[in-house]
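Participant: Given chain A's structure and the hints, the job is docking chain B onto it.
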Amino acid sequence: MASTDSTTVAKDGNDLAGLEAGLDALETRQTSRTPFRQTFTEKILPPVLAVALVLAVWQALVSFKVVDDPTKLPAPSAVWDVVQTAWLQGELLDYIWTSVSRGLLGFLFALLIGTPLGLIVARVKFVRAAIGPILSGLQSLPSVAWVPPAVIWLGLNNSMMYAVILLGAVPSIANGLVSGVDQVPPLFLRAGRTLGATGLKGTWHIVLPAALPGYVAGLKQGWAFSWRSLMAAEIIASFPDLGVGLGQLLENGRNASDMAMVFEAILLILVVGIAIDLLIFSPLERWVLRSRGLLVKN
Amino acid sequence: MATTLAKAADGTESATHAARIDHVSKSFAGPAGQQLVLDDITLDVAPGEFVTLLGASGCGKSTLLNLVAGLDRPSAGEIATDGRPALMFQEHALFPWLTAGKNIELALKLRGVPKAERRERAEELLELVRLKGAYGKRVHELSGGMRQRVALARALAQESKLLLMDEPFAALDAITRDVLHDELTRIWRETQVSVLFVTHNVREAVRLAQRVVLLSSRPGRIAREWTVGIPHPRRIEDTAVAELSVEITEELRGEIRRHGQH
Numbered sequence: 000m001a002s003t004d005s006t007t008v009a010k011d012g013n014d015l016a017g018l019e020a021g022l023d024a025l026e027t028r029q030t031s032r033t034p035f036r037q038t039f040t041e042k043i044l045p046p047v048l049a050v051a052l053v054l055a056v057w058q059a060l061v062s063f064k065v066v067d068d069p070t071k072l073p074a075p076s077a078v079w080d081v082v083q084t085a086w087l088q089g090e091l092l093d094y095i096w097t098s099v100s101r102g103l104l105g106f107l108f109a110l111l112i113g114t115p116l117g118l119i120v121a122r123v124k125f126v127r128a129a130i131g132p133i134l135s136g137l138q139s140l141p142s143v144a145w146v147p148p149a150v151i152w153l154g155l156n157n158s159m160m161y162a163v164i165l166l167g168a169v170p171s172i173a174n175g176l177v178s179g180v181d182q183v184p185p186l187f188l189r190a191g192r193t194l195g196a197t198g199l200k201g202t203w204h205i206v207l208p209a210a211l212p213g214y215v216a217g218l219k220q221g222w223a224f225s226w227r228s229l230m231a232a233e234i235i236a237s238f239p240d241l242g243v244g245l246g247q248l249l250e251n252g253r254n255a256s257d258m259a260m261v262f263e264a265i266l267l268i269l270v271v272g273i274a275i276d277l278l279i280f281s282p283l284e285r286w287v288l289r290s291r292g293l294l295v296k297n
Numbered sequence: 000m001a002t003t004l005a006k007a008a009d010g011t012e013s014a015t016h017a018a019r020i021d022h023v024s025k026s027f028a029g030p031a032g033q034q035l036v037l038d039d040i041t042l043d044v045a046p047g048e049f050v051t052l053l054g055a056s057g058c059g060k061s062t063l064l065n066l067v068a069g070l071d072r073p074s075a076g077e078i079a080t081d082g083r084p085a086l087m088f089q090e091h092a093l094f095p096w097l098t099a100g101k102n103i104e105l106a107l108k109l110r111g112v113p114k115a116e117r118r119e120r121a122e123e124l125l126e127l128v129r130l131k132g133a134y135g136k137r138v139h140e141l142s143g144g145m146r147q148r149v150a151l152a153r154a155l156a157q158e159s160k161l162l163l164m165d166e167p168f169a170a171l172d173a174i175t176r177d178v179l180h181d182e183l184t185r186i187w188r189e190t191q192v193s194v195l196f197v198t199h200n201v202r203e204a205v206r207l208a209q210r211v212v213l214l215s216s217r218p219g220r221i222a223r224e225w226t227v228g229i230p231h232p233r234r235i236e237d238t239a240v241a242e243l244s245v246e247i248t249e250e251l252r253g254e255i256r257r258h259g260q261h
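Going down the list, the protein sequences come from chains A and B. Everything in the first sequence is counted per numbering that gives the first Met the number 0, starting at 0 for the first residue and increasing by one. Everything in the second sequence is counted per numbering that gives the first Met the number 0, starting at 0 for the first residue and increasing by one.
Bound-form chain A, shown alone:
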């Protein structure tokens, strides 16, 4: 009896550590990387097929003479020729760079203004009551509406373009941050306070990182709005001295009744917008969500 007692006691210390290690091992889920093959068939193949289908229908419409007028619908090959010519003449990258540099620089300004603005609206009750509704309202105003006043105020120049981008993107970025802050679980704030994170320390260490998913969603939408606003501004306010961006290219195509050039411009606008999202914002969003365990593979 005595011997069993002593072994139980001696075992107790080791036993607890062993038991705990066992529980930890049992309850920890193993995650593995998805093999490339699966990513390919589930993520890459479907959109490629969809694009191929659209091209096939488009080519069929032209080939079977359903639409017989190249000034209405150019053949895909005709559009491709225009793109290729622009590439060979070295103009294609100029068009893209003119617009992308404007768009990204404008977006950066919008980021610098929208972030503190969103933080103030989220944290200061009076400011929120005062401009919160206006900020949400501005989001539903198409930014193309800002082009005429911006032209009158600032003239036909790059500042006008940036002004339109700001008016389109700042509300999205600020609102994203506001909703991000609103969705911070109160438990985190309480936990932060007991750790001594109050005031600015609380904002920096708890509120901002906790609001990051909403903020990144706001950035993503902010970029979409920046790009749309910029295209609207370039189309409406095209002016030779400004350099030819993708919006101007579209407008030039319309003026020359060159449907292939119009299609070229539309495709490029679409591709660039998607590319920036896929290269910058989607990975950023995925990283933020995945590192918090919010993106669960199924």
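What the hints contain is simulated information worked out from the structure, not anything from laboratory work. Just so you know, these numbers come straight off a predicted model, no measurement behind them. Ideal Cβ placement from N, Cα and C applies to all residues, glycine included. It cannot be assumed that every hint is accurate.
[Claimed, not checked] In silico DSSO-like pairs for lysine-lysine, Cα to Cα no more than 30 Å straight-line:
hint	chain 1	residue 1	chain 2	residue 2
1	A	42	A	124
2	B	101	A	71
3	A	200	B	108
4	A	42	B	136
5	B	131	B	101
6	A	42	B	131
[Stated by the list, open to error] In silico contact screen, one side only, chain B against chain A (beta carbon under 10 Å); selected entries:
hint	residue
7	29
8	32
9	87
10	90
11	93
12	153
13	178
14	223
15	225
Facilitator: Just chain B now, kept in the frame of chain A:
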């Protein structure tokens, strides 16, 4: 407002109590006017003491803990603690944007520990809760029991004299909870921290505490107190634990029954 004893009196008094709750009442504005939640609570926690607050729903035990933590102010009475207490919740409340180690380091940083020492201290604390090697793990990669242990390590990183625990194991399965009871007892004895532990689980209260304080409900008042002399290590199935649990459960049931009579 929790004032610091060391400030309120001379240095000697700070050593006699980890927390002193002195005739504290708390009421909230409810639909039927002011609603009294805590009524004249007086309770001291000695340095190194382990006290459990036991009560049914609506006894205001979490409210009392929030008052002691300084997250809320009492309507009447005084609360004094020896420094700012650490608080552990039923949910782990770990920050998902930080790794387990960085969660602990944040607590150290906010306490003013120099950057050079934080990493080492965090590793030590992880080792204390037997999670060596979990430093770089994200919160979602840990099991429920592991998360609560990291939360415990983070609370201990504050090096408070008093650790407040608000039903920290209530959401865990029975086996994990049992293991964590042993862990908490071991860590409490190693660190000599004072613990004020809130629970509605009688056996948990008896298994852990040196003193069990039973609160009545609506409003919360101290109904009875037991000193638990059962030596450690205790087990949930010990007869002494069971006998005292039966006694306390009877009392608790009596308290609950009173509410059905009118």
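Participant: Checking against the hints above, which ones are violated?
Facilitator: 1, 2, 6, 7, 8, 14, 15
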